[in-house]
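Taken in sequence, the protein lines are chains U and Z.
In this text, residue positions in the first sequence follow full-length UniProt numbering: the first is 1, and each later residue adds one.
In this text, residue positions in the second sequence follow full-length UniProt numbering: the first is 1, and each later residue adds one.
Rather than coming from a laboratory, the hints here were simulated on the basis of the structure.
Using N, Cα and C, we set each Cβ at its ideal position, and we do this for glycine too.
List time: in silico SDA-like cross-link candidates among lysine to any residue, alpha-carbon distance up to 20 Å:
| hint | chain 1 | residue 1 | chain 2 | residue 2 |
| --- | --- | --- | --- | --- |
| 1 | U | K24 | Z | L230 |
| 2 | U | K23 | Z | D231 |
| 3 | U | K46 | U | D83 |
| 4 | U | K24 | Z | R229 |
Which residues of chain Z face chain U? A few of them, derived with a C-beta cut under 7 Å, are:
| hint | residue |
| --- | --- |
| 5 | A3 |
| 6 | A14 |
| 7 | A15 |
| 8 | Q218 |
| 9 | V222 |
| 10 | S234 |
Per the computed footprint, the stretches of chain U lying under chain Z, defined by three or more beta-carbons under 8 Å from a beta-carbon of chain Z, are:
| hint | region |
| --- | --- |
| 11 | 7 to 16 |
| 12 | 70 to 81 |
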Amino acid sequence: MAAPLSVDVEFGGGAELLFDGIKKHRVTLPGQEEPWDIRNLLIWIKKNLLKERPELFIQGDSVRPGILVLINDADWELLGELDYQLQDQDSVLFISTLHGG
Amino acid sequence: MPAPPCASCHAARAALRRPRSGQALCGACFCAAFEAEVLHTVLAGRLLPPGAVVAVGASGGKDSTVLAHVLRALAPRLGISLQLVAVDEGIGGYRDAALAAVRRQAARWELPLTVVAYEDLFGGWTMDAVARSTAGSGRSRSCCTFCGVLRRRALEEGARRVGATHIVTGHNADDMAETVLMNFLRGDAGRLARGGGLGSPGEGGALPRCRPLQFASQKEVVLYAHFRRLDYFSEECVYAPEAFRGHARDLLKRLEAARPSAVLDLVHSAERLALAPAARPPRPGACSRCGALASRTLCQACALLDGLNRGRPRLAIGKGRRGLDEEATPGTPGDPVRPPASKAVPTF
Numbered sequence: 001m002a003a004p005l006s007v008d009v010e011f012g013g014g015a016e017l018l019f020d021g022i023k024k025h026r027v028t029l030p031g032q033e034e035p036w037d038i039r040n041l042l043i044w045i046k047k048n049l050l051k052e053r054p055e056l057f058i059q060g061d062s063v064r065p066g067i068l069v070l071i072n073d074a075d076w077e078l079l080g081e082l083d084y085q086l087q088d089q090d091s092v093l094f095i096s097t098l099h100g101g
Numbered sequence: 001m002p003a004p005p006c007a008s009c010h011a012a013r014a015a016l017r018r019p020r021s022g023q024a025l026c027g028a029c030f031c032a033a034f035e036a037e038v039l040h041t042v043l044a045g046r047l048l049p050p051g052a053v054v055a056v057g058a059s060g061g062k063d064s065t066v067l068a069h070v071l072r073a074l075a076p077r078l079g080i081s082l083q084l085v086a087v088d089e090g091i092g093g094y095r096d097a098a099l100a101a102v103r104r105q106a107a108r109w110e111l112p113l114t115v116v117a118y119e120d121l122f123g124g125w126t127m128d129a130v131a132r133s134t135a136g137s138g139r140s141r142s143c144c145t146f147c148g149v150l151r152r153r154a155l156e157e158g159a160r161r162v163g164a165t166h167i168v169t170g171h172n173a174d175d176m177a178e179t180v181l182m183n184f185l186r187g188d189a190g191r192l193a194r195g196g197g198l199g200s201p202g203e204g205g206a207l208p209r210c211r212p213l214q215f216a217s218q219k220e221v222v223l224y225a226h227f228r229r230l231d232y233f234s235e236e237c238v239y240a241p242e243a244f245r246g247h248a249r250d251l252l253k254r255l256e257a258a259r260p261s262a263v264l265d266l267v268h269s270a271e272r273l274a275l276a277p278a279a280r281p282p283r284p285g286a287c288s289r290c291g292a293l294a295s296r297t298l299c300q301a302c303a304l305l306d307g308l309n310r311g312r313p314r315l316a317i318g319k320g321r322r323g324l325d326e327e328a329t330p331g332t333p334g335d336p337v338r339p340p341a342s343k344a345v346p347t348f
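So that you can see chain U by itself, here it is in the shape it has in the complex:
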């Protein structure tokens, strides 16, 4: 059972192009049965924010390899990746590395 949450979802490194070019999204996640972990956040993003070509952002139940995920400015690897439980006022940033440098 998860209470509603307010989180910042941001996109960078070109990932924003899949979201109408908008980098910062202030998002209110509704209360629901399942916990608000990153796995469920991705499902929510795919349904509510993703404007085009989902395969460029999501692969299976995770992000496409090459997309970095920072939660409160820390690599999600340190925080449990998909299993991290979101807190109110958390900030999740998705940075794409998939372009020329």
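For chain U, the structure is supplied; the task is to place chain Z on it using the hints.
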């Protein structure tokens, strides 16, 4: 579960775990470690001696942005001066926006910027024109093959114009690993042998080149740019989806997810390969047209441009390169005559 404390300063919370060592570091300590490693790469390889005038291949993208930023920070310590050189391939809607990013960077960093355009160097051939010319050739378009060769030539020309003694590019470990995969997949033993190492010492009159970021994984380059709040251009080239490199990149990303050290291990393996005698490439000579280093009569740039100008763009692509040995000599009727822009640049 909160992140562990930084293994270096023990004060802040760690922001990432370094792929190779597994060490957890905060943003500030990571950036310091990243810069120290680039410094070490340059010093240990004696890549950029004091007094060097270093031309930085600047595309506005993440790698060259990080490269220029780090080298600018290290420049006093190394005793080098920097020149930004940007290449305009003539790709509408893409390169203009990227060049705008480079100009902003040049202004912010107070570094001189020189832009060299394919259109001026290569007899009017922009990448858009090359792409149109190669469009009907079946299979996937090979315009990226042209771009890779021509860009290197353009960078050389730009570097010469600013009096550079060395050229640096922002290739990172992922780029190197992708190239290894590509060369394997294409059966290109020659390139497998020549690629890697610490860059080129500069043979046949070419300027020495190196890649100070070559041991940095792409993920770390992006994280460095993030923690240093660097502004870079992050769109994909409009032709990139057709490039063969995309397959190598996808494979590499999947491998990395399973085994983070795979990227650096791949480069490591390639550097330790010995070629069978039959596979060793011939000693290179000089291009009969422009004098640059070449393993055949014509260097790759001249051969590719020749194919384009004859309306046979696939002429110089692939292993056979049949028909190239019977070229017209310079000055054949119908060839446009222009004064050479510089000794190293082909003209038609």
